[in-house]
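Use these hints to put chain F onto chain Y, whose structure you have.
Residue numbers (the numbering used here), protein chains in the order written: chain Y, 1 to 344; chain F, 1 to 344.
Quick caveat, the hints were computed from the structure, so don't treat them as lab data. None of the values given here were measured: they were computed from a predicted structure. Ideal Cβ positions, reconstructed from N, Cα and C, are used throughout, including at glycine. Worth double-checking, as some hints may not be accurate.
Said to hold, decoys possible - Just a sample of chain Y residues kept apart from chain F, beta carbon distances all over 10 Å, derived:
id : residue
1  : ILE75
2  : ASN160
3  : VAL210
4  : ALA289
5  : VAL328
6  : GLU340
Said to hold, decoys possible - Calculated cross-link-like contacts (lysine-lysine; reagent style PhoX-like; alpha-carbon spacing at most 25 Å):
id : chain 1 : residue 1 : chain 2 : residue 2
7  : Y       : LYS40     : Y       : LYS9
8  : Y       : LYS332    : F       : LYS163
9  : Y       : LYS90     : F       : LYS90
10 : Y       : LYS126    : Y       : LYS9
Number of protein chains: 2
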Amino acid sequence: MALNDRFLKACRREQVDCTPVWFMRQAGRYMAEYRAIRAKHTLLEICAQPELAAEVTLQPVHALGVDAAILFADILLPLMPMGIHLEFAKGEGPVIHNPIGSRADVETLRVIDPCEELAHVLEAVKLVRRELDGKTPLIGFAGAPFTLASYIIEGGSSRNFIKTKQLMYRDSQVWHALMSKLAQVIATYLVAQIEAGAQAVQLFDSWVGVLSPTDYREFVLPHSQVILQTVKASGVPAIHFGTDTATLLPLLTEAGGDVIGLDWRIDLDRGWETIGFDRAVQGNLDPVALFAPRDELERRVRRILDQAAKRPGHIFNLGHGILQETPVENVKAVVEMVHEFSQR
Amino acid sequence: MALNDRFLKACRREQVDCTPVWFMRQAGRYMAEYRAIRAKHTLLEICAQPELAAEVTLQPVHALGVDAAILFADILLPLMPMGIHLEFAKGEGPVIHNPIGSRADVETLRVIDPCEELAHVLEAVKLVRRELDGKTPLIGFAGAPFTLASYIIEGGSSRNFIKTKQLMYRDSQVWHALMSKLAQVIATYLVAQIEAGAQAVQLFDSWVGVLSPTDYREFVLPHSQVILQTVKASGVPAIHFGTDTATLLPLLTEAGGDVIGLDWRIDLDRGWETIGFDRAVQGNLDPVALFAPRDELERRVRRILDQAAKRPGHIFNLGHGILQETPVENVKAVVEMVHEFSQR
Numbered sequence: 001m002a003l004n005d006r007f008l009k010a011c012r013r014e015q016v017d018c019t020p021v022w023f024m025r026q027a028g029r030y031m032a033e034y035r036a037i038r039a040k041h042t043l044l045e046i047c048a049q050p051e052l053a054a055e056v057t058l059q060p061v062h063a064l065g066v067d068a069a070i071l072f073a074d075i076l077l078p079l080m081p082m083g084i085h086l087e088f089a090k091g092e093g094p095v096i097h098n099p100i101g102s103r104a105d106v107e108t109l110r111v112i113d114p115c116e117e118l119a120h121v122l123e124a125v126k127l128v129r130r131e132l133d134g135k136t137p138l139i140g141f142a143g144a145p146f147t148l149a150s151y152i153i154e155g156g157s158s159r160n161f162i163k164t165k166q167l168m169y170r171d172s173q174v175w176h177a178l179m180s181k182l183a184q185v186i187a188t189y190l191v192a193q194i195e196a197g198a199q200a201v202q203l204f205d206s207w208v209g210v211l212s213p214t215d216y217r218e219f220v221l222p223h224s225q226v227i228l229q230t231v232k233a234s235g236v237p238a239i240h241f242g243t244d245t246a247t248l249l250p251l252l253t254e255a256g257g258d259v260i261g262l263d264w265r266i267d268l269d270r271g272w273e274t275i276g277f278d279r280a281v282q283g284n285l286d287p288v289a290l291f292a293p294r295d296e297l298e299r300r301v302r303r304i305l306d307q308a309a310k311r312p313g314h315i316f317n318l319g320h321g322i323l324q325e326t327p328v329e330n331v332k333a334v335v336e337m338v339h340e341f342s343q344r
Numbered sequence: 001m002a003l004n005d006r007f008l009k010a011c012r013r014e015q016v017d018c019t020p021v022w023f024m025r026q027a028g029r030y031m032a033e034y035r036a037i038r039a040k041h042t043l044l045e046i047c048a049q050p051e052l053a054a055e056v057t058l059q060p061v062h063a064l065g066v067d068a069a070i071l072f073a074d075i076l077l078p079l080m081p082m083g084i085h086l087e088f089a090k091g092e093g094p095v096i097h098n099p100i101g102s103r104a105d106v107e108t109l110r111v112i113d114p115c116e117e118l119a120h121v122l123e124a125v126k127l128v129r130r131e132l133d134g135k136t137p138l139i140g141f142a143g144a145p146f147t148l149a150s151y152i153i154e155g156g157s158s159r160n161f162i163k164t165k166q167l168m169y170r171d172s173q174v175w176h177a178l179m180s181k182l183a184q185v186i187a188t189y190l191v192a193q194i195e196a197g198a199q200a201v202q203l204f205d206s207w208v209g210v211l212s213p214t215d216y217r218e219f220v221l222p223h224s225q226v227i228l229q230t231v232k233a234s235g236v237p238a239i240h241f242g243t244d245t246a247t248l249l250p251l252l253t254e255a256g257g258d259v260i261g262l263d264w265r266i267d268l269d270r271g272w273e274t275i276g277f278d279r280a281v282q283g284n285l286d287p288v289a290l291f292a293p294r295d296e297l298e299r300r301v302r303r304i305l306d307q308a309a310k311r312p313g314h315i316f317n318l319g320h321g322i323l324q325e326t327p328v329e330n331v332k333a334v335v336e337m338v339h340e341f342s343q344r
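One chain only, chain Y, in its complex shape:
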């Protein structure tokens, strides 16, 4: 297996032999290999043991032939050493037992040194790099401050983000203090992943699309920008991702990132135009398209590739993570379609 650098080339908007493809949540419950490991270990156990994390990271690389590996981890991991009591309750998603709501709460959060306190994650990065042996690039990642803040303020997942926005609106100083602490930790965490061997990083601001553009600019942009500027100095490409971001794209772009993620709610060509052609784009198949019959799925893959065909700099991906019930053979088929249809 020769070096596959089409993902990294596309991040830099260089010509590639064909469009690179990987999937958010490409290691996960839709794969039998992953379910076999999860039958024996909890999510946090897998994240805590570098050998297991590395094994799970590599599963989709071997099974699907994707053009990038992404470290298996959870965006909430850095919160635990910061002082957040986190549990993944069965079928419920993350539960945080000491949600943050006041200045005093924010002050208790520790600004950790990821090299010390997330050493197991960095060890997994090193293991995966060794296993991949230069054949497939490895993406590191972290949650963005807004998305992390929403979990620790709400105490878990949320539908309307009432407490999160309340903190913003009621006490913007406390909000900014929290965001600033999170940004500091995330920036050093991503740099540590890069130093351990991550060849690109993705900043996941998955839930930021619940904000208006005005709120994004005031309450989020400065903090995500700190992180993306720090990563820029490291020289590896950064992907800046969110969902529901059609009206936020100019601001996400201003915050930074060499590659901007797009979801399926915006046509890829229109989204790219909004972002500007001096950035690469990643996306944007609806994850539910993977449930479609093969001919319909093919039409949808072709449409995205056609919209992206005018210039280099497109990384094929979904608009959000792979859903648990997804047929694995369709995921595999998309990898083949993307490579075949985009041959240059």
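Just chain F, lined up with the frame of chain Y:
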């Protein structure tokens, strides 16, 4: 109390003395008066008894001084006589015991005559009109075919709309047959409400923002268009509402509606420009802004009014329904702010 026609004038983009305001879900659990009724009656009981529905409809008109009443009902009501077994399970939202998935299922759905089978709703319209005595206009409403289809295919609320999109992608003929039946019923239902006295109607396509523009055009637009053209012929204004629709606005506008609803994810002025100034707009305060301190809430109300100030045709509303935990005094304050700040 004199005739308040600023809502209807704004629908027609005529000059008004000040901006009209009403709230989606303005009758609901955030109000003590409503909770008192709900302590004695289920949601379906209130909907089934015209006197109760009328009483609940009028509660926010009296308590808040809004510029329009909206009939108290549920978007799922027309589905029951069509043959859907619907239950509102405690704390769970709607549960449908016979979800639709096949051509045979679609064929079992009855195209009802709303004058017969939703007579209780029409009776409530008449009662409310009588009580309002011309002082405040009454809005009728219905769920749009996509949003209704999503409930009856998923069997209730949904996060990812997998079954709904699967039906679209796998069997577009069955999809269109279902949408067409729903559109036929909804069109006659809205006309029946108008004939019973509704002075405007709103079509709620609350969940349509999960679709890409391409899917909206193919699978939804023709059906919503049938309804909105039928309503247009009746001569009363129609409001076309969805959430998460930033990229769908040109298509929602093409489907029809004298007034297009906007959520907070798009700046009102930019949204209006996208829609075109030959339509009125409704929106677009984030429902969570109602949890903000008064000065912050005021800033947010002013910002929306400023963005809308260039021309007539703005109806102030939220970007989605009032949330259950909302402080009622803030809702009342917004009515006063809108009226005061927009004085002409």
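Hint-by-hint comparison with the structure:
no.: 1; hint: ILE75; result: 18 Å, holds
no.: 2; hint: ASN160; result: 6 Å, violated
no.: 3; hint: VAL210; result: 8 Å, violated
no.: 4; hint: ALA289; result: 7 Å, violated
no.: 5; hint: VAL328; result: 16 Å, holds
no.: 6; hint: GLU340; result: 21 Å, holds
no.: 7; hint: Y:LYS40 / Y:LYS9; result: 38 Å, violated
no.: 8; hint: Y:LYS332 / F:LYS163; result: 21 Å, holds
no.: 9; hint: Y:LYS90 / F:LYS90; result: 22 Å, holds
no.: 10; hint: Y:LYS126 / Y:LYS9; result: 22 Å, holds
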